[in-house]
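J.: Protein sequences, first through last, are from chains A and B. Numbered per the working numbering, the first sequence spans residues 1 to 244. Numbered per the working numbering, the second sequence spans residues 1 to 777.
Calculated directly from the structure, the hints in this document are not laboratory data. Since we're looking at a predicted model, the values are computed, not measured. Even for Gly, the Cβ is constructed at its ideal location relative to N, Cα and C. Some clues are possibly wrong.
[Claimed, not checked] Examples of chain B residues toward chain A, derived with CB under 7 Å:
#1 A8
#2 A171
#3 V258
#4 F262
#5 K265
#6 E389
#7 Y393
#8 R395
#9 T398
#10 H442
#11 T443
#12 L449
#13 S555
#14 H632
[To be verified] Heads up, simulated DSSO-like pairs for lysine-lysine below, C-alpha to C-alpha not over 30 Å straight-line:
#15 K70(A) with K352(B)
#16 K384(B) with K61(B)
#17 K35(A) with K315(B)
#18 K35(A) with K2(A)
#19 K384(B) with K57(B)
#20 K2(A) with K352(B)
#21 K352(B) with K35(A)
#22 K576(B) with K35(A)
#23 K384(B) with K414(B)
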Amino acid sequence: MKFAVIRFPGSNCDQDCVASINGLDGLRAEYVWHKETSLDDFGAIVLPGGFAYGDYLRCGAIARFSPIMKAVISDAHAGKLVLGTCNGFQILCEAGLLPGALVRNRSLRFVCDMVTTRVEVDDSPFTHGCPKGALLRLPVAHGEGCFYVDPETLRELNANQQVILRYADRQGRIVSGANPNGSIENIAGICNREGNVFGLMPHPDRASDARLDSADGAKIFRSMLQTITAGRTATAPERVKQVA
Amino acid sequence: MSRQMPTADPVVTPELVKQHGLTSEEFERIKKILGREPNFTELGIFSVMWSEHCSYKNSRKELKKFPIAAPNILVKAGEENAGVVDIGDGWAIAFKMESHNHPSAIEPFQGAATGVGGIIRDIFTMGARPEFCLNSLRFGPITAENPKSEIRNLKLAENRRLFTGVVSGIAHYGNCVGIPTIGGEIYFDESFEGNPLVNVFCLGVLRREQLARATAKGVGNPVFYVGSETGRDGLAGAAFASRELTEQSREDRPAVQVGDPFKEKLLLEACLDLLAHDAIAGIQDMGAAGLACSTCETASRAGSGIEIDLAKVPKREPGMTPYEILLSESQERMLIIAKRGKENLVREIFAKWDVPCAEIGRVTDDGMMRVRNNDAIAAEIPAKPLAEEAPLYSREATPVAAAVSDRRIADLPKIDNRRALRQLLLDPTIASKNWVYRQYDHTVRTGTLVKPGSDAAVFFVRYANKILAATTDCNSFYCALDPRVGGKIAVAEAARNLTCSGAYPLAVTDCLNFGNPYKPENFWQLREAVEGIAEACRAFGTPVTGGNVSLYNESPAGVVDPTPTIAMVGLIDDEKHITTQWFKEPGDLIILVGRGIGFQPTSDRRDADATLLGGSQFLRVCHGLKIAPAPHVDLVHEIKVQNAVRDLIREGLVKSAHDCSEGGLAVAVAECCFNPEKLLGAEINLKAADTPATTVLFDESQSRIVISVARADLEKTESILREHGVLFQELGEVGGDTLSIRVNEETFRWQVADLYDDWCNAIRRTVEDETERIPSL
Chain A
1 MKFAVIRFPG
11 SNCDQDCVAS
21 INGLDGLRAE
31 YVWHKETSLD
41 DFGAIVLPGG
51 FAYGDYLRCG
61 AIARFSPIMK
71 AVISDAHAGK
81 LVLGTCNGFQ
91 ILCEAGLLPG
101 ALVRNRSLRF
111 VCDMVTTRVE
121 VDDSPFTHGC
131 PKGALLRLPV
141 AHGEGCFYVD
151 PETLRELNAN
161 QQVILRYADR
171 QGRIVSGANP
181 NGSIENIAGI
191 CNREGNVFGL
201 MPHPDRASDA
211 RLDSADGAKI
221 FRSMLQTITA
231 GRTATAPERV
241 KQVA
Chain B
1 MSRQMPTADP
11 VVTPELVKQH
21 GLTSEEFERI
31 KKILGREPNF
41 TELGIFSVMW
51 SEHCSYKNSR
61 KELKKFPIAA
71 PNILVKAGEE
81 NAGVVDIGDG
91 WAIAFKMESH
101 NHPSAIEPFQ
111 GAATGVGGII
121 RDIFTMGARP
131 EFCLNSLRFG
141 PITAENPKSE
151 IRNLKLAENR
161 RLFTGVVSGI
171 AHYGNCVGIP
181 TIGGEIYFDE
191 SFEGNPLVNV
201 FCLGVLRREQ
211 LARATAKGVG
221 NPVFYVGSET
231 GRDGLAGAAF
241 ASRELTEQSR
251 EDRPAVQVGD
261 PFKEKLLLEA
271 CLDLLAHDAI
281 AGIQDMGAAG
291 LACSTCETAS
301 RAGSGIEIDL
311 AKVPKREPGM
321 TPYEILLSES
331 QERMLIIAKR
341 GKENLVREIF
351 AKWDVPCAEI
361 GRVTDDGMMR
371 VRNNDAIAAE
381 IPAKPLAEEA
391 PLYSREATPV
401 AAAVSDRRIA
411 DLPKIDNRRA
421 LRQLLLDPTI
431 ASKNWVYRQY
441 DHTVRTGTLV
451 KPGSDAAVFF
461 VRYANKILAA
471 TTDCNSFYCA
481 LDPRVGGKIA
491 VAEAARNLTC
501 SGAYPLAVTD
511 CLNFGNPYKP
521 ENFWQLREAV
531 EGIAEACRAF
541 GTPVTGGNVS
551 LYNESPAGVV
561 DPTPTIAMVG
571 LIDDEKHITT
581 QWFKEPGDLI
591 ILVGRGIGFQ
601 PTSDRRDADA
611 TLLGGSQFLR
621 VCHGLKIAPA
631 PHVDLVHEIK
641 VQNAVRDLIR
651 EGLVKSAHDC
661 SEGGLAVAVA
671 ECCFNPEKLL
681 GAEINLKAAD
691 TPATTVLFDE
701 SQSRIVISVA
711 RADLEKTESI
721 LREHGVLFQE
731 LGEVGGDTLS
741 IRVNEETFRW
751 QVADLYDDWC
761 NAIRRTVEDE
771 TERIPSL
């Protein structure tokens, strides 16, 4: 089982994603150039961070038109696991695979720091090694990571348990001081209704080696592998039924 | 020149020659090289190639004093775009530092951004993958001493604009290209008002055999232009950088280039992709003096000639003259001399990355740089004399006497030492730079083992399995007081910072920022500093692998303090040796390695205690005094201290190590308390005979390192220090939540949380209105 790491022009965490995934036992990642059109050889898809197309126009706005995105969208609809980190999250929102938008940080400045996030659901395909309430230390580095959705969608996200991660303080409290970018309700990562597409602003790829202050990011990649090997993605449609 | 095309170019007159910054002697020399009068385009080419920025005509004789050779140096200073050092196991590093002072003074955001772009290109031109950046910045003051003065407030606002603009420019470019900015230094001082210094460093890693050369080798090989289209931006920027800044400099804004980090990223990946395919005979970036410089330099290095056709150069706008095309400093462009037969591969790779690519000429054997424009010849100049035979000057030098204080500490206005430490920690030069480095992506590439904020940044190059440490250092204030000593201290401190991080120093790159060399005082400062650096580099065995000279750093307000910035790179053998500056655990013992309290290098001075405070931040911040002498440095002793600490680290005895620099012992110990995971206090007890407490706390005596060790390791630590024959003294113990320093009978006490709050938030509170707290901790 291989992970596809999509390389858009301007992706700059593609190498980090491949290196961190390949550094974990039993996981393998390969680059897929954005001009490719098929992802059939891969069991999971990662959209890495960076500045795809220089973030011109709007983060992710041009990348969503890359040839590979057709395959990403159809594979996502078919239930394949798709992970978007940072710029990858922005692209997933622009592509309509995830609701909401990521806008300029409240500080109007780029922010690079280590943050604490709290796992908000008991069992997601991306965090099922981490019980609800578990804290993950993950780095952030972005200028446009302030998550916003309209109130109606926000209600749905909460009701459907689509909020996977929120920014928290070291004690796990959801407080404004722990929010690095002004995201609504401290949201750091969300999934789609079906649960197989996950976008987050923090970088699990930069936290998969204990030497880098945290290895919590590896839990997300491992969780994806476990989900796939257990054939759990097959249950995605059922999950849709449940939440509906 | 029979095929001279009809042009509207101006006629070359003595006036025009002067406007191009060339003297009449230099013009005669040009005529001799050409055997005729140059045309307008050729005059422009000579003007930029013989500008200080490109030719180092006023500094090269001085630069020859640097030690440049060592067995591990693969590419020496001056040979290529950057020096290359062997780090073992088939791996090598290429690194260099460059200034972008003038552009940043006029247009801080783009000036700084393109500075980052330029240095990154210098590194991947060598075939190396850029791994991280550092930067060394100088600005005018951003905090007010007298907030009532309106003129002063305007100046402060301007200084803040430059500071915040430069920081966002660096962030904008480096973050987008995806190269972490992991360290550096920032100083604020009046002398930089109107002329900030922006020095950017980049390091890359390569396989030894992948080393690329900037040469136009192989007659008949095709010459490719790759990267962004050429526009009219940055026209003659190199010449602009070789003048003083004046009130009119704003009109030079067209000489500042505009950068596009996205295009740089694509160019970087495409070039590294191509380099991996063995298709390149030579490669050089188009930086200063653009196409003109890259063509004649590659030909000159190879001893060949080169011929290009400007009609084939991708252009952004119509109607550009040969003069403009050749001298444009449009960013994100490279010149590639491909191997014959590999043309299609070059085109394929650049097409894959959507980067413009055009074959514009070929390598010839006649030693000429021949520039065609369709059928006409726009310029025809012997390449070697143009690139390498700029006149070299040794300017007149006159020593500058620095003000020496004859005041005793007792005569200075009384200052409460408790308040003085807080004032120092609040000073933007000493305060935490987190407001700055939080805007730089410093974790991309997943190698940053020690983040910005400790003595040196530590970076793990995963694929090479090598741990590197790097730092930039220069105390401009010391250099203003004594450029020779200041130069030595810059090297010593850089090495000390590396030592504290657990590394041994390998090599140095420098950025020499001085004033107009035609003024004898400025030239003297340059010479003194170079000689000081050369002596220290010899002592440490760290050759200078290259760098950059930036002269004419003068604004209407005056010349900048001389700033020979030193960037030093070191290697850490074992992950276990990585050491940070913060105390780790209550109960650990604190030891000062190096000469103890109240050491006086020149005992014959009447004003011994004031002497020790000469050049100190204490006098600058708390008394507004910049007075000599600069601290004394004894290189033999310095090396002993560093070797001792490095051995202790290798023995696994050192829990934290931090050098005493700006602000002296008190600031050093306070910074040790600021562990980002958990603040820790310390109890320190000093016997200082009759040295005043103020001197003990704040003097900036060199060659001192504060370490902490586990109590159980004390004996072993002391015996190793004795073996090394260095002085040391036990200062006290880590613990509690206060920092308490007792000097003789007097005790000074601070809440660490208060000190931390001052130090951590000083810059943010100065430049921002909001009261939002920084969420870490």
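J.: Now tell me, hint by hint, if it's right for this structure.
T.: Hints versus structure:
Interface restraint check: A8(B) against chain A, minimum CB-CB distance 37 Å, threshold 7 Å, status violated. For A171(B), the interface hint holds, the least distance from its beta-carbon to any beta-carbon of chain A being 5 Å, beneath 7 Å. A least Cβ separation of about 13 Å between V258(B) and chain A goes past the 7 Å threshold, and the interface hint is therefore violated. Interface hint status for F262(B): upheld, as the beta-carbon distance to the closest one in chain A is roughly 3 Å, under 7 Å.
Hint status for K265(B): holds, given a least beta-carbon distance of 6 Å to chain A, under 7 Å. Checking E389(B) against chain A: minimum C-beta separation of about 41 Å lies over 7 Å; hint violated. Below 7 Å, beta-carbon pairs count as interface contacts, and Y393(B) has none with chain A, the closest being about 44 Å; its hint is therefore violated. The beta carbon of R395(B) comes no nearer than 43 Å to any beta carbon in chain A, farther than 7 Å, and the hint placing it at the interface is violated.
For T398(B), the shortest C-beta to C-beta distance to chain A is roughly 46 Å, which exceeds 7 Å, and the interface hint is violated. The beta carbon of H442(B) is positioned within 7 Å of a beta carbon in chain A (closest approach about 6 Å), and the interface hint is therefore held. Because the smallest distance between the Cβ of T443(B) and any Cβ of chain A comes to about 5 Å, under 7 Å, the interface hint for this residue holds. A distance limit of 7 Å between C-beta atoms decides the matter here; for L449(B) the minimum to chain A is near 6 Å, and the interface restraint holds.
Restraint check, S555(B) versus chain A: the minimum CB separation of about 28 Å is more than 7 Å; hint violated. With its C-beta approaching chain A no nearer than about 39 Å, H632(B) sits outside the 7 Å limit, and its interface hint is violated. Distance hint between K70(A) and K352(B) is fulfilled; the C-alpha atoms sit about 20 Å from each other, no more than 30 Å. At roughly 19 Å between alpha-carbon atoms, K384(B) and K61(B) fall within 30 Å of each other, so this suggested pair holds.
Proximity of K35(A) to K315(B) is assessed by CA-CA distance (about 27 Å); at most 30 Å being required, the pair is judged to hold. Only pairs whose Cα atoms come within 30 Å are accepted, and K35(A) paired with K2(A) is accepted, the gap being roughly 19 Å. Of the supplied pair hints, the one linking K384(B) and K57(B) holds, its CA atoms being roughly 15 Å apart against a limit of 30 Å. Between the alpha carbons of K2(A) and K352(B) the distance comes to roughly 24 Å, so the proposed pair stays at or under 30 Å and holds.
For the suggested pair K352(B) and K35(A), the alpha carbons sit about 9 Å apart, so the restraint of at most 30 Å is met. Proximity of K576(B) to K35(A) is assessed by CA-CA distance (about 44 Å); at most 30 Å being required, the pair is judged violated. For the proposed pair K384(B) and K414(B), the alpha carbon gap of about 64 Å is over 30 Å, so the pair is violated.
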